[in-house]
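Trainee: Here are the chains, one letter per residue:
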Amino acid sequence: MTILIATGFHVQTRQHAYRQGAKDAFPSIIGLIPFGLIVGTASTAAGMDPWLALAMSIIVFAGASQLAAIGLMVQSAPMLIVLTTVLVVNLRFVMYSASLAPFFRELPLGRRWLLSYGLTDHLFALVNARFQRDGSHQHVDAYYMGGAIPTWAVWNVMVAIGIFAGTLVPKQWSLDFAIPLVFLALVFPALTTRSHWVTAGVAATAAYFTAALPMKLGLIAAALVGVAIGTLLDQRDERRALEAR
Amino acid sequence: MTLAADWLNVITIIGAGCVTLLARASFIVLPSDTPVPGWLNRALKFVGAAVLPALILPDVMFRELAAGESVNVYRIIAALIAAGVAWRTRNIFATIGAGMAVLWLLKLWGPI
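Respectively, the protein sequence lines represent chains A and B.
Heads up: the first sequence begins at 0 in numbering that gives the first Met the number 0, then just goes up one per residue.
Heads up: the second sequence begins at 0 in numbering that gives the first Met the number 0, then just goes up one per residue.
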């Protein structure tokens, strides 16, 4: 999805900032509708209690990690493994958090926690596009909330509809297969350099050989091996680039 | 095999919410001007490329195994075709549509 936004953006009032945030978030909210339905349907198709799945959507509010956690929970993986997996899948938010921190610097701590809960891939992209890092951050929180509130509401309503639709789908349809397919669609945009491709290949190979490990430890082991290889390759490339200069 | 809303699962979900909030809040709630360590920045770049294949592989290969089957051949074929669609279109719904359609066709008319 491309986000086209004019720079040199000026916000006069908080009211205006709220409305602008909602307006800018609108296209990505429409895009969330089918994805929310899929996450909800896959949750119950994988065997989760509908109310538990709905509580999870509201508490966690991060689709990919919800799917990863459900996959492990239905196979009765230990809690520590589930939580580590959720953390690993959501580590990208640490990157977004570091990038957005300067915009929220002047806000009270409680408000910064609230804004953090609503953080999504799209909101991160919107704030970065609309506000200059060293420019004015006036009403940035109002702009953010204007996008975050409808995003949150539409997401959870769609997940809820999907959950209750999922209870009607027979198990023979294998709708839980939608979970790896979602991840498959997300993986290619993440493979931007040769080092990323090698990382993915190593992680997949490691996942194959660790699949039989007890307590579903394989996922975390494979992810760690992949990240370690990627980090080393990146370091080596950087050193070579410096030497070549 | 339904995952019930017992206390252990409820605590797991609350825990999952807490770690997700911590990841989101991290640098936003830290004192301003906390620098991002270089090694963390480097490692974070590779998280997506490592985690996603590690999530995909066991779900495709080792789920819904028929008696005597060591890998799920239908799911592997469906995932390979879906990967091609994902690679060409970069579209999440086209990918899901292609993968599910191939899996259903194989389950209906496949030789196994």
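Since the hints were derived computationally from the structure, they do not count as laboratory data.
Do not take every clue at face value.
As the list claims (entries may be wrong) - Straight-line C-alpha distance at most 30 angstroms; calculated DSSO-like pairs for lysine-lysine: (1) A:215 x A:170; (2) A:215 x B:106; (3) A:170 x B:106.
Trainee: Determine for every hint whether it applies to the structure shown.
Mentor: Hint check:
Taking the CA atoms of residue 215 (chain A) and residue 170 (chain A), the gap is about 23 angstroms. The hint holds against a cut of 30 angstroms. Straight-line distance between C-alpha atoms of residue 215 (chain A) and residue 106 (chain B) comes to about 27 angstroms, which keeps the hinted pair within the 30 angstroms bound. The suggested pairing of residue 170 (chain A) with residue 106 (chain B) holds, with an alpha-carbon distance near 13 angstroms, which does not exceed 30 angstroms.
Violated hints: none; the structure is consistent with every hint.
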